[in-house]
Amino acid sequence: MREITYAQAINEALRENMRRNSRIILMGEDIGRYGGIFQVTVGLLDEFGPERVIDTPISEAGFVGTCVGAAMTGLHPVAEVMFIDFTTCAMDMIVNQMAKMHYMSGGRGKVPFVLRTNIGAGRGAAAQHSQSFHSFFMHIPGLKVVTPATPYDAKGLMNTALVDENPVMFIEHKKLFITKGHVPEESYAIPFGKADIKREGTDITIVATHALVQKSLNVAEEMSREGVEIEVLDPRTISPLDREAILNSVKKTGKLITADEGCVTGGFGSEVAAIVAQEAFDYLEAPIMRVGSPDTPVPFSPPLEQFYIPDEGSIKDAASRILAYQ
Amino acid sequence: MVTEVVLPMLGITVERGKILKWLKSEGDQVEKGESIFEVEAEKVTTEVESPASGILKKILVHENIEVPVLTLVGVITSEGEEIPEKYLTIAPPKEVTPTAMVPTASAEVSQAMASETSGQIRAVPAARKAAREYGIDLSSISGSGPRGTVLKKDVENSIALLRGEGAAPKDKETRATSLARRLAEKEGILLDMVKGTGPGGRVTKMDVVKALEIRKAPTPAEAPTEMLFGKTIPMSRIRRVIARRMSQSAFTAPHISFISDVDMGRLVQVRKEILADFEGQFGVRISINDFIIKAVGLTIREYPMLNASVDGENIRINPEINVGLAVAMDEGLIVPAIPHADRLGLGDIATMRADLVERARKGKLSMEEIERGTFTISSLAQFDITFFTAILNPPQSGILTVGKLDEKLTLINGEVQARQVTRFGLSVDHRIIDGAVASAFLQTLKKKLENPSYAFLQL
Amino acid sequence: MVLSKEKKLEMYGKMVKIRSFEERIVDLYARGLVPGLAHLYIGEEAVAVGACANLRDDDYITSTHRGHGHVIAKGADVRSMMAELFGKTTGYCKGKGGSMHIADVNIGILGANGIAGGGLPIGVGAGLSAKYRKTDQVTICFFGDGASNNGTFHESLNLAAVHELPVIFTCENNQYAISTQQRMHQTIKDVSIRATSYDIPGVTVEGNDIMAVYEAINKAVQRARSGKGPSLVECKTYRWRGHHEGDPNLGERYRSREDIKPWVEKCPITRFERLLLKEKVLTKAKIDQIKETVKKEIDEAVEFANNSSFPKHEDIYQDVFQEEMGGSR
Chain A
0 MREITYAQAI NEALRENMRR NSRIILMGED IGRYGGIFQV TVGLLDEFGP ERVIDTPISE
60 AGFVGTCVGA AMTGLHPVAE VMFIDFTTCA MDMIVNQMAK MHYMSGGRGK VPFVLRTNIG
120 AGRGAAAQHS QSFHSFFMHI PGLKVVTPAT PYDAKGLMNT ALVDENPVMF IEHKKLFITK
180 GHVPEESYAI PFGKADIKRE GTDITIVATH ALVQKSLNVA EEMSREGVEI EVLDPRTISP
240 LDREAILNSV KKTGKLITAD EGCVTGGFGS EVAAIVAQEA FDYLEAPIMR VGSPDTPVPF
300 SPPLEQFYIP DEGSIKDAAS RILAYQ
Chain B
0 MVTEVVLPML GITVERGKIL KWLKSEGDQV EKGESIFEVE AEKVTTEVES PASGILKKIL
60 VHENIEVPVL TLVGVITSEG EEIPEKYLTI APPKEVTPTA MVPTASAEVS QAMASETSGQ
120 IRAVPAARKA AREYGIDLSS ISGSGPRGTV LKKDVENSIA LLRGEGAAPK DKETRATSLA
180 RRLAEKEGIL LDMVKGTGPG GRVTKMDVVK ALEIRKAPTP AEAPTEMLFG KTIPMSRIRR
240 VIARRMSQSA FTAPHISFIS DVDMGRLVQV RKEILADFEG QFGVRISIND FIIKAVGLTI
300 REYPMLNASV DGENIRINPE INVGLAVAMD EGLIVPAIPH ADRLGLGDIA TMRADLVERA
360 RKGKLSMEEI ERGTFTISSL AQFDITFFTA ILNPPQSGIL TVGKLDEKLT LINGEVQARQ
420 VTRFGLSVDH RIIDGAVASA FLQTLKKKLE NPSYAFLQL
Chain C
0 MVLSKEKKLE MYGKMVKIRS FEERIVDLYA RGLVPGLAHL YIGEEAVAVG ACANLRDDDY
60 ITSTHRGHGH VIAKGADVRS MMAELFGKTT GYCKGKGGSM HIADVNIGIL GANGIAGGGL
120 PIGVGAGLSA KYRKTDQVTI CFFGDGASNN GTFHESLNLA AVHELPVIFT CENNQYAIST
180 QQRMHQTIKD VSIRATSYDI PGVTVEGNDI MAVYEAINKA VQRARSGKGP SLVECKTYRW
240 RGHHEGDPNL GERYRSREDI KPWVEKCPIT RFERLLLKEK VLTKAKIDQI KETVKKEIDE
300 AVEFANNSSF PKHEDIYQDV FQEEMGGSR
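Chains as they are written, first to last, in numbering that gives the first Met the number 0: chain A, 0 to 325; chain B, 0 to 458; chain C, 0 to 328.
Just so you know, these hints were derived from the structure itself, not from any lab. It cannot be assumed that every hint is accurate.
Unchecked claim - Label pairs and their computed distance ranges (CB to CB):
#	chain 1	residue 1	chain 2	residue 2	range
1	C	S196	A	F299	34 to 44 Å
2	C	D135	A	E199	54 to 64 Å
3	A	R14	C	D189	41 to 51 Å
4	C	Y316	A	A276	16 to 26 Å
5	A	A276	B	Q119	55 to 65 Å
6	A	S186	B	N156	39 to 49 Å
7	B	E312	A	A276	19 to 29 Å
8	A	E278	B	Q119	35 to 45 Å
9	B	V415	A	E199	54 to 64 Å
10	A	P302	B	I273	38 to 48 Å
11	B	E312	C	E313	25 to 35 Å
12	A	E278	B	R430	52 to 62 Å
Claimed, not checked - No farther apart than 20 Å at their CA atoms in a straight line, the calculated lysine to any residue pairs in the SDA-like style are these:
#	chain 1	residue 1	chain 2	residue 2
13	B	K128	A	P286
14	C	K133	C	Q221
15	A	K250	B	K128
16	B	K128	A	F37
17	C	K188	C	T203
18	B	K128	A	Q7
19	A	K251	B	P124
20	B	K128	A	T4
21	C	K188	C	R254
22	C	K265	C	W239
23	C	K7	C	R55
Idealized CB from N, CA, C, for every residue including glycine.
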């Protein structure tokens, strides 16, 4: 099978869907000529023209709200917000309009709208261009929150997002854009709310998202040589969340690590930990460990930033705490 | 200023006390720190100091009345100060009944006491669940996880130990005949502890009867008593306490006993080897009992439940391992305890033991020295007693009996050899300690005593 | 501008309906039948009716927290509205939206909106959609003087101007951002001059004169339908009631009854009535008849709302997501 990058996989999904469905339009800052700051929309302006690939002013509330209105009146827009940090400028549109329109209107209005943005530190972009607060959106009922970890998942999940009639927060990871992986040329869809067991194991479950999926797999391989078999579960969408799969895995292993790049406090891992503590309490053989970023803004200085980003070492530390209960 | 005088806390396990004598009368001037009354609790009389200077305005609990500790017994005021009305309306308790309602003072103090006695078992949820399903008492399991946390595998191990093969969770119900079930229920035998010999492993009535026989401990030997035929003798103070405590123990804590023969040859040899040097160094003759005290301390460390006491619905694992040694006196037994027996060196143990025994015989022990015990050793090695069982020293959960040192012929690898053997008995409170745990404890202790050089390497 | 007699009667009828609806809410709110917040439109009827009289059923509006007038003017059913205000399942939003969220996309009502300035970008989106789909639908974005200071006002005007979208930004200047008088919240007197920043037409009209509103909006709608882009129309008016029902004494913390009086004298309904009587479109008898019809309609709406049931607890989980999958055609 051919290998393409995560960015190319998303581009391919957008392109294929735009060919199939003329209601899909793209809006965002620098997505046309420039091809998007991470080159995800490269080539789409040439193929679909400026009516469908719309460069916007630096005006997040404006164009995100415009997408809400367009979605309510028949289109299926895709907005690119350059960094997740910038969604704060459009928070009213996302939280109060996009997420709630369907509910507030008693089901009379619908908002088929995909908001693409990205998380992740590691590019020296400091505190306002590196955050990973995607879990914030899983706290907002009415939003679906997608977190692809591989090129394969990115394409399959985008294909699903573009046939879903609901608002979708499609949260990419900026460090993953250039990672390569096998992606079929034909179209395929990955359902929302269906976790993927990226590696089976019997001793510890790691529920991992985004870049921490691969890092968890690396740790799993390493620890397998020491006789510890780690199961790596990637929920792929954090809302809806495949609670069933998580609970089944923890019931099997009795031990849980969550690995998500957001700050630990109040984050995705905390939610997963709470679900497991509530629904699989009796199966727990060790404390639940959360791997994530420190509760600080993302620092600039490279050594600090590297320290900030959760990595294999953080996962191993958590695993060793758990293995004391083995 | 009004100061309340209470029956003080007299040791961690003392619950009640009796004022033997007020040393001051109502209206007397008292100085802070001056003794104002004598209290008898358990077997010891203690003088209680005045908490304040002033006038002993009111005595609320009179002599020879037993009340719970922290009971308000009197009120001290400043000179010329009127006693607040509320103290005048308290009816002084009259009867010595354990359930008598008495006014208690200082809620803060009683709360502090309550929190101190509530114990918590550390266990992961999966271990708790397994314990629940298999009807295992978590507190009987020593945890191998961090800070003694009971892990799932610890529970599984003790289930395996307890059941042999074919253990089945409770929800699957042990297969048993209805006769067997009824008998087991009547005798308090856990059905799933009984190996069934009936069709399909079904437990039959005979299986239960067999189990009962195994469980049944030999009846305790009567202590030699001097009888004055035809006379009625009032119990001495100490005897009354012993009587109450022994019957309380016998009728509240279901006892089960375990017997094991211990080859004492090497220990006797070790003692012989170090005796002289030891005496030179510590000025005390080391006894076999000293080794046993130390070995018990070390073994309890591995089996914390043997250091526990039942406290209502809670099991309190006592924080210190204080091993008591029963000392016979004319009036009765008294059990002073060696604190931190697991941590003290043999020299310290021997020195302390000698001192405690001597003072016990003179009636010079402090309350604390008696009350701190968390486990008891009772030795009748100086008598021609091969084996005996003992009643638990409440609120302790374990008591070890030591019979005489006996020469026995033993068949070893087809050869008859002479061995120095002592028969040990262990009685435990079955409410919180199961047979498997007790057996494992006794076995570990035996191993230590039989391999003294190895066991005491950790000193 | 020549309007047919029927059109004028219809406009008059809608003004009366809005007024009666709102006056009934005053009473129902006081008696605890309408929970939550009720922001009433009394005194501003000429704006909604004058503007919406230019719209077709397939045109869009976005509304505000003070939205009853807009949606009635756009053709909303007062029974469904009343039931919604009561929190009943038969309401427009099945009782989940309430006063501030009435929506009926079938007749182009993209929702009232609880966020000041929240509706503007959505209106731009409707405009973008209409343009992309190559229909000649237009969108009226209603908003107040207060919202004209919100970032979304500027972002929306800019986006609509850049893309020449068929949107009529209709500022209902009732002179208060809740309690803050216009002169305290902006240095300009006419919001319409802000149009110059985006190089689009901007005009201010007397908002209590329904014909003036109608005509100004009419021009803007024609411009929008013909693909020439957005306009900004400011209608000066005044709200008679407090910011919401329960704002003590009609807002006496920030204005006096004396301030209100001249505006009551300039009542937009009376003003239109006088004109129509003069034009012989209306007679006294006709007025009574219209008012009677409206009263009956409102009575029925209240009865309908009263007789409807509250949602069941399990209904809370309905409509969080659109269930259907399979693509937007």
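Hint by hint, here is what the structure shows:
no.	hint	result
1	C:S196 with A:F299: 34 to 44 Å	holds, 36 Å
2	C:D135 with A:E199: 54 to 64 Å	holds, 59 Å
3	A:R14 with C:D189: 41 to 51 Å	holds, 47 Å
4	C:Y316 with A:A276: 16 to 26 Å	holds, 23 Å
5	A:A276 with B:Q119: 55 to 65 Å	violated, 18 Å
6	A:S186 with B:N156: 39 to 49 Å	violated, 54 Å
7	B:E312 with A:A276: 19 to 29 Å	holds, 25 Å
8	A:E278 with B:Q119: 35 to 45 Å	violated, 24 Å
9	B:V415 with A:E199: 54 to 64 Å	holds, 60 Å
10	A:P302 with B:I273: 38 to 48 Å	violated, 60 Å
11	B:E312 with C:E313: 25 to 35 Å	violated, 40 Å
12	A:E278 with B:R430: 52 to 62 Å	violated, 34 Å
13	B:K128 with A:P286	holds, 15 Å
14	C:K133 with C:Q221	holds, 16 Å
15	A:K250 with B:K128	holds, 12 Å
16	B:K128 with A:F37	violated, 51 Å
17	C:K188 with C:T203	holds, 10 Å
18	B:K128 with A:Q7	violated, 49 Å
19	A:K251 with B:P124	holds, 14 Å
20	B:K128 with A:T4	violated, 47 Å
21	C:K188 with C:R254	holds, 19 Å
22	C:K265 with C:W239	holds, 11 Å
23	C:K7 with C:R55	holds, 16 Å
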